[in-house]
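4 protein chains.
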Amino acid sequence: MKQDKTSKTGTSRRAFISNSGLLLAGTVLASSSATEVEASANAFMPASPEPPQELAALRGDLVTANHILFDQGVVDGYGHVSVRHPGNPNHFLISRWLAPDMVTDGDILEVDFDCKIVGTEKARLYSEVFMHGEIYRARPDVKSIVHTHAPAVILMGISGEPLMPMYQMTGYMGSGVSVFDIRKAVGMTNMLISDPVRAKALVQTLADKPAVLLRGHGGVVTGTSLAQAVGRSVYMRVNAELQVQALGKKLIFLAPEEAKLASDNDYPKDWDMWKRKVAAQRG
Amino acid sequence: MKQDKTSKTGTSRRAFISNSGLLLAGTVLASSSATEVEASANAFMPASPEPPQELAALRGDLVTANHILFDQGVVDGYGHVSVRHPGNPNHFLISRWLAPDMVTDGDILEVDFDCKIVGTEKARLYSEVFMHGEIYRARPDVKSIVHTHAPAVILMGISGEPLMPMYQMTGYMGSGVSVFDIRKAVGMTNMLISDPVRAKALVQTLADKPAVLLRGHGGVVTGTSLAQAVGRSVYMRVNAELQVQALGKKLIFLAPEEAKLASDNDYPKDWDMWKRKVAAQRG
Amino acid sequence: MKQDKTSKTGTSRRAFISNSGLLLAGTVLASSSATEVEASANAFMPASPEPPQELAALRGDLVTANHILFDQGVVDGYGHVSVRHPGNPNHFLISRWLAPDMVTDGDILEVDFDCKIVGTEKARLYSEVFMHGEIYRARPDVKSIVHTHAPAVILMGISGEPLMPMYQMTGYMGSGVSVFDIRKAVGMTNMLISDPVRAKALVQTLADKPAVLLRGHGGVVTGTSLAQAVGRSVYMRVNAELQVQALGKKLIFLAPEEAKLASDNDYPKDWDMWKRKVAAQRG
Amino acid sequence: MKQDKTSKTGTSRRAFISNSGLLLAGTVLASSSATEVEASANAFMPASPEPPQELAALRGDLVTANHILFDQGVVDGYGHVSVRHPGNPNHFLISRWLAPDMVTDGDILEVDFDCKIVGTEKARLYSEVFMHGEIYRARPDVKSIVHTHAPAVILMGISGEPLMPMYQMTGYMGSGVSVFDIRKAVGMTNMLISDPVRAKALVQTLADKPAVLLRGHGGVVTGTSLAQAVGRSVYMRVNAELQVQALGKKLIFLAPEEAKLASDNDYPKDWDMWKRKVAAQRG
Chain A
2 MKQDKTSKTG TSRRAFISNS GLLLAGTVLA SSSATEVEAS ANAFMPASPE
52 PPQELAALRG DLVTANHILF DQGVVDGYGH VSVRHPGNPN HFLISRWLAP
102 DMVTDGDILE VDFDCKIVGT EKARLYSEVF MHGEIYRARP DVKSIVHTHA
152 PAVILMGISG EPLMPMYQMT GYMGSGVSVF DIRKAVGMTN MLISDPVRAK
202 ALVQTLADKP AVLLRGHGGV VTGTSLAQAV GRSVYMRVNA ELQVQALGKK
252 LIFLAPEEAK LASDNDYPKD WDMWKRKVAA QRG
Chain B
2 MKQDKTSKTG TSRRAFISNS GLLLAGTVLA SSSATEVEAS ANAFMPASPE
52 PPQELAALRG DLVTANHILF DQGVVDGYGH VSVRHPGNPN HFLISRWLAP
102 DMVTDGDILE VDFDCKIVGT EKARLYSEVF MHGEIYRARP DVKSIVHTHA
152 PAVILMGISG EPLMPMYQMT GYMGSGVSVF DIRKAVGMTN MLISDPVRAK
202 ALVQTLADKP AVLLRGHGGV VTGTSLAQAV GRSVYMRVNA ELQVQALGKK
252 LIFLAPEEAK LASDNDYPKD WDMWKRKVAA QRG
Chain C
2 MKQDKTSKTG TSRRAFISNS GLLLAGTVLA SSSATEVEAS ANAFMPASPE
52 PPQELAALRG DLVTANHILF DQGVVDGYGH VSVRHPGNPN HFLISRWLAP
102 DMVTDGDILE VDFDCKIVGT EKARLYSEVF MHGEIYRARP DVKSIVHTHA
152 PAVILMGISG EPLMPMYQMT GYMGSGVSVF DIRKAVGMTN MLISDPVRAK
202 ALVQTLADKP AVLLRGHGGV VTGTSLAQAV GRSVYMRVNA ELQVQALGKK
252 LIFLAPEEAK LASDNDYPKD WDMWKRKVAA QRG
Chain D
2 MKQDKTSKTG TSRRAFISNS GLLLAGTVLA SSSATEVEAS ANAFMPASPE
52 PPQELAALRG DLVTANHILF DQGVVDGYGH VSVRHPGNPN HFLISRWLAP
102 DMVTDGDILE VDFDCKIVGT EKARLYSEVF MHGEIYRARP DVKSIVHTHA
152 PAVILMGISG EPLMPMYQMT GYMGSGVSVF DIRKAVGMTN MLISDPVRAK
202 ALVQTLADKP AVLLRGHGGV VTGTSLAQAV GRSVYMRVNA ELQVQALGKK
252 LIFLAPEEAK LASDNDYPKD WDMWKRKVAA QRG
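Chains as they are written, first to last, in our numbering: chain A, 2 to 284; chain B, 2 to 284; chain C, 2 to 284; chain D, 2 to 284.
Incorrect hints may have been included.
Heads up, the list lumps identical chains together, so a pair's fine if it works in one copy or across two of them.
[As the list claims (entries may be wrong)] Here are the simulated EDC-like pairs of lysine to aspartate or glutamate, each with C-alpha atoms no more than 20 Å apart in a straight line:
| no. | residue 1 | residue 2 |
| --- | --- | --- |
| 1 | Lys117 | Glu55 |
| 2 | Lys251 | Asp182 |
| 3 | Lys210 | Glu258 |
| 4 | Lys251 | Glu162 |
| 5 | Lys276 | Asp209 |
| 6 | Lys117 | Asp196 |
| 7 | Lys251 | Asp265 |
| 8 | Lys278 | Asp113 |
| 9 | Lys185 | Glu258 |
| 10 | Lys250 | Asp196 |
| 11 | Lys278 | Asp72 |
| 12 | Lys261 | Asp182 |
| 13 | Lys201 | Asp142 |
| 14 | Lys276 | Asp72 |
| 15 | Lys276 | Glu122 |
| 16 | Lys250 | Asp142 |
| 17 | Lys250 | Glu162 |
Read the hints as simulated data drawn from the structure, not as lab findings.
Predicted model, so just to flag it, every value in this text is computed and none were measured.
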């Protein structure tokens, strides 16, 4: 499918600031909703040094990951993906506030654990960017995070049955996928992880596991690489879609040891194929 | 997918009348069925004044909404969407009798609460246009209405189980989604809301809620904006598709207060993305 | 999606016979299977007279119907659609042996109730063409027939639960959709309606109803027009897909009178839209 | 959908060796995972003689089969298909390690039963290539093998209910589809058939049947031709998708004799249609 030109000009919708220090949030985009926040840029924090070529490649892969996640039904207009900065483990890369399928290279921002934009740019961030910051802060092993909105994952999270590994592609689930219930942590909310308190509570439930579900909302999947976090979130969707068809039935899941033996997977054949597919969609 | 030229010439299938007063219904289109009616134009009612640019933009968005609703599985060949006229709250805009995916700018009509076409145009209207007129008449807060034919919504309406908010995208359902049973209201029918009596009965069941299901037929979703009505109807479909997979099972729905806190949403990221997608489909 | 040139040259794979009388079956196509038969042409029966323009339009619509039925998931590589000849009620038009999505104008044949090809052409026919011949012979009210392979229809036919009208689009099912069990009629078979005896048994089960299911095989849908048979078979698929999601659950179906009031439908908006869609797919 | 150029240059990623004998595994591709192995080429075994034209056509069909299997949801990034060498029954053709949708003619290798590459080429093979070698060794009647990853097939394999023929397209299942449980055969593993011992155990469970499921993994389908193995695996997917919708329900399956009578099918109409479809996708 040919894409229109709108996405190519996404960058122009972001203000660049070339001559000043700390800034407060600027004008809110016309289409913004009340649940979204605009992050202030912190110009005192220069962007992390990194061999430009490697960083550029990773930014490109992050853009591709955004498109793959939409194409694969992991996210809809919502959900997001981030990757830890390769040159500064205290920073991560993530798109500004934008539907994943709309993300282009100019939309990728460098952000610190407090969710301040690094450098002189100013942009609106996802209201739930805090889940990324707090997970990266608490979990040095995590290199990439996907927040999924896959419908079947949502259903599993409210079904009262645990998400379990059905085949070798989801072996990583064998250590358990807990359900985070925001109401038990912070009371009545709009369900969003839109501040550090909620994000820290989520991190508690995630603990040292690779993934967690959010009751009435979606899920979070981590990985030791961008490709792993993407692949795991795709196969979490497939696994959930299968499991919801057999709610209340007794299935034979992977044994814990089988799951562990099958959990080291970067999904390399999928990544190559998915990359080609989304590239072809964009002509 | 490239579209053929038929849709571009849709306008030419509508008769324009430049020299006369009130007209009766003219020739019926070749493909018309017995359940459809042709509305007479009321040339004594001039089209409502409105800054031309704003109105043109809204008409364009209404055309886009028609395409999005088909692309998102909210409507098939049937179903429709309308928006209250921005310059005259007693009028609304809606396509003439046409499958939503076929609608072009020339097909948009201005209609009053009695479902008379405003201005000098003559065209066939949807047989169920009366549901729009009566809801706009009774509910000043409603700015846009979608009549959905999503299959899963139909199944929920005959399942005996209530449609309930499963996640924050459908928080607006938290106030309850009743089922309108046309048989109880007006007896045996062809199931269509094809006259003002049936439409008024539907309005009674809708009451002050944002949405209502129609037993054996579909559903109606309202919003305070076109984007909201569209977004709500898309996520009603997703929610229904999930819920039908768990009929008879106990699920954990949003608490009423959570639903309320999550219900103020115009789905801005989705709207931008959906708009780009249907634009790309049309080259 | 652009189609390759193969379909355009489909005609060249059919032998035309310009100088002889009755012929026996010729060479079998390389890809033929054991269950398919080659019909002999009966050159003594000249093609029925018909104003050429009207007939050409109907042949074009029949080609389009083949493509729509594949696009709408009513048929896969198998299944077929026919229409009674407008100039000779004892003949009907149907494609030669070919996947519906591959059919082009040159593949349409005129066939009599005994499934002899009319005119001087020679071609391989569907092995199940007899179901068309016998239904047209027994049911003068039937103008078009679709043999569906929609998976959900197959599941309904072996579920032990009756296919029932869930909404106004399938009102025509209100008079009942029986299941034809070929084993009870003619014993152990390959399940195909591949001779007149089986076809006549099927006609007995169809009786005066608009549709019938075939146990372990698919279904047959009739209509008073090509558009009606196509539309009914599409919505039979949708209805079956919904019903299989609620097997064993109590649903509220249309009342018989509601179904009857809703059953007169040629699906005109769908037909226009589906026609445009398959035309666009073929560039 | 237009494909990018990557697939066209797939061949260039494979090393050709023109001047030496037996070689050990060379450099592993950047994206390789720990579960994959690189096969050494055995230059002492010359490629089997075969009329070049017939072999070239079969290689082309094997490439097409790879694309069809992805397009039809039988494989994802994983799974594979092979065909016995027409000129040497002790060899078979299969793609090098690559997602099926990415395979091009230059990726097809000739391999012997011990999974040594025949000729002077060196390439990475699928880690599970051994299932092909051992089945061809044990089952002279088998001419083609598909390893499916279709999600519904996976669910059937862990459901505790047998996969059964629901209609004539899957009659070949009538002789029974066993479930191979790798744990019972060789203990705790990563679930993969990645050595000859596991493959021989799989062959024991397959026995003389056309297909077998792999618990927590997928399935294997054989055929007397490439088209038959492909067609059977496609309809196994459809049949499984239907059966999982009715888990725990009593369905009417084909009688064993019906299944047998319906099992001789090369799916010729499907093959032609699927071939055209994937060709059109590649422009």
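Hints, verified against the model:
{"no.": "1", "hint": "Lys117 with Glu55", "in the structure": "neither (23 Å within a copy, 37 Å between copies)"}
{"no.": "2", "hint": "Lys251 with Asp182", "in the structure": "between (25 Å within a copy, 17 Å between copies)"}
{"no.": "3", "hint": "Lys210 with Glu258", "in the structure": "within (16 Å within a copy, 31 Å between copies)"}
{"no.": "4", "hint": "Lys251 with Glu162", "in the structure": "both (11 Å within a copy, 11 Å between copies)"}
{"no.": "5", "hint": "Lys276 with Asp209", "in the structure": "neither (30 Å within a copy, 40 Å between copies)"}
{"no.": "6", "hint": "Lys117 with Asp196", "in the structure": "within (13 Å within a copy, 51 Å between copies)"}
{"no.": "7", "hint": "Lys251 with Asp265", "in the structure": "neither (27 Å within a copy, 35 Å between copies)"}
{"no.": "8", "hint": "Lys278 with Asp113", "in the structure": "neither (32 Å within a copy, 33 Å between copies)"}
{"no.": "9", "hint": "Lys185 with Glu258", "in the structure": "between (32 Å within a copy, 14 Å between copies)"}
{"no.": "10", "hint": "Lys250 with Asp196", "in the structure": "neither (38 Å within a copy, 33 Å between copies)"}
{"no.": "11", "hint": "Lys278 with Asp72", "in the structure": "both (9 Å within a copy, 12 Å between copies)"}
{"no.": "12", "hint": "Lys261 with Asp182", "in the structure": "between (26 Å within a copy, 17 Å between copies)"}
{"no.": "13", "hint": "Lys201 with Asp142", "in the structure": "within (17 Å within a copy, 39 Å between copies)"}
{"no.": "14", "hint": "Lys276 with Asp72", "in the structure": "both (10 Å within a copy, 16 Å between copies)"}
{"no.": "15", "hint": "Lys276 with Glu122", "in the structure": "neither (29 Å within a copy, 27 Å between copies)"}
{"no.": "16", "hint": "Lys250 with Asp142", "in the structure": "neither (36 Å within a copy, 38 Å between copies)"}
{"no.": "17", "hint": "Lys250 with Glu162", "in the structure": "both (10 Å within a copy, 11 Å between copies)"}
Of the numbered hints stated above, those contradicted by the structure are hints 1, 5, 7, 8, 10, 15 and 16, listed in ascending order.
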